[in-house]
Amino acid sequence: MRSAEVAFLFRHALLRDAAYQLQLPGDRARLHAQAFAAIEALAGGRPPPISLEPLAQSPTPPHSSDAWSSELAGHARLAREAAVGGARRDLESAEIVYVGRSALHSERLFRHDASLVAWLRLAGLLEGPDRGEALRRAAIVSEYAGGARDAAATVRRALEVFRAAGDRRGEGAAATTLAMFLHRLGRIDDAERLFEEALALHRETLDRRFEAATLVNFAALLHHLGRSQESETAYRRALELGRELGERRAEGAILGNLAALLREAGRLDESERLFAESLALHRETGNRRAEGLMTGNLSGVYRETGRLDLAERADRDALAIHREVGNRRSEGISLGNLAGTFHSAGRLAEAEQAYRSALLIHREVDNPRSEGVALGNLASVCGDMGRFEEGERLFEEAISIHRELRHRRFEAIHLCDQAVLRIQAGLRAGAEESWRSGVALLRELHEEAELARKSASLLAACARAGVAPLMIRG
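Every letter in the sequence shown is one number past the one before it in my numbering, and letter 149, counting from 1, is 1445.
Simulated from the structure, these hints should not be mistaken for laboratory data. Note that CB positions come from ideal geometry on N, CA and C, so glycine has one too. Be careful, since some hints might not be right.
With beta-carbon atoms standing in for the labels, derived distance ranges [to be verified]:
(1) 1581 x 1643: 57 to 67 Å
(2) 1579 x 1642: 31 to 41 Å
(3) 1585 x 1693: 46 to 56 Å
(4) 1562 x 1405: 36 to 46 Å
(5) 1424 x 1383: 19 to 29 Å
(6) 1762 x 1579: 43 to 53 Å
(7) 1529 x 1616: 30 to 40 Å
(8) 1405 x 1744: 43 to 53 Å
(9) 1767 x 1542: 48 to 58 Å
(10) 1585 x 1464: 27 to 37 Å
(11) 1722 x 1642: 18 to 28 Å
Model the full assembly from the supplied sequences, consistent with the hints where possible.
What follows is the structure, given as structure tokens:
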């Protein structure tokens, strides 16, 4: 656009605002009322309010007015300043309808910042359990945008509202949501306690949908803690509930999480099959965000089975989806996955760059668990590049984070990887110490498949270094 056009538009905007400000407040309100009525009529009339039922069986369908919902909400708010009686009540009701529709419409378009503002505004217009649910939804959108800490603070407000209203079902929903955020922030004990409280509330209120959703997230925490059998049991119970309820969208999420658990257990054929089923369900239900997650998870199976071209393609497809939907947290995780694919292919400089980019995002979005994983994996890359001191320092940082978060599986993995680096650096005594600690943890966690992978890596490192192998089985 040329500078003359910019100047014209700027002057026009100034004059328009000046003309608006010269109107008396009552006249301005009547202008907004006229604008509201005209836009609402042209947009297809007033839609029903959104559902504020947690995990509603029938989600709010789109409406022709949704694209104008933010403007309609603003006109309704300003028009009611001069309205009285029934007209004022109608505008107040309309504002609630359109603020809610604006929140949901922005969320569907992955405009998380706009959606967050609208959900918080809606919460300010409501009372009781509806206010609590608007706050809970605001927290979820806040976490989507990468702010787990802010999200946790917002859902605490929702929990207080539900408790004050005596709404046990809403309290259970908020407790599940808060437990999820605490897990992501590394507050493992608090998360485990809250998941158990939430499950008790869902069973008390016979809320089987939220019971299934809570079991899935609790299973993820158990997986994190290395309690794999308990995790698989919880996933399979959640899957039963999801199928009984006909929840295709939830079934896709559960299958994907179970597939990730099976992949780590070395059950790769079953894992790949479940990932493919999950991906098909997400595409069937239009769950683009989850499609990105499953595409990224499937890349791990390809990488572990040596299909590096497929792995890289899946990593890049996942990254594109995460960026499309504004999923910053998963963007960081997929960058780490892509780095792992580069590392497996011997593309060390690209692996280092991708891990460092991933680390920036993990720190930005408060994801210490993935930060620890990326640090340890980057340490291995540094070892392969001959930068042993840097690799050793990064391993110490990573292992410290894993211990703080009780992420025992990756503590074990990175202790074994540290042993490989120490063999590369000629530090056999230190390698034996790390190896013994890592193997003991893997055996305690019944991670036989991972132990086999790490044993092969150590044997190869000893062969390259021309030294006798360590005692492989610990």
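So, going through the hints one by one against the coordinates:
no. : hint                    : in the structure
1   : 1581 x 1643: 57 to 67 Å : 36 Å, violated
2   : 1579 x 1642: 31 to 41 Å : 33 Å, holds
3   : 1585 x 1693: 46 to 56 Å : 31 Å, violated
4   : 1562 x 1405: 36 to 46 Å : 40 Å, holds
5   : 1424 x 1383: 19 to 29 Å : 25 Å, holds
6   : 1762 x 1579: 43 to 53 Å : 51 Å, holds
7   : 1529 x 1616: 30 to 40 Å : 35 Å, holds
8   : 1405 x 1744: 43 to 53 Å : 46 Å, holds
9   : 1767 x 1542: 48 to 58 Å : 53 Å, holds
10  : 1585 x 1464: 27 to 37 Å : 29 Å, holds
11  : 1722 x 1642: 18 to 28 Å : 22 Å, holds
Violated hints, listed in ascending order, are 1, 3; each of the other numbered hints is respected by the structure.
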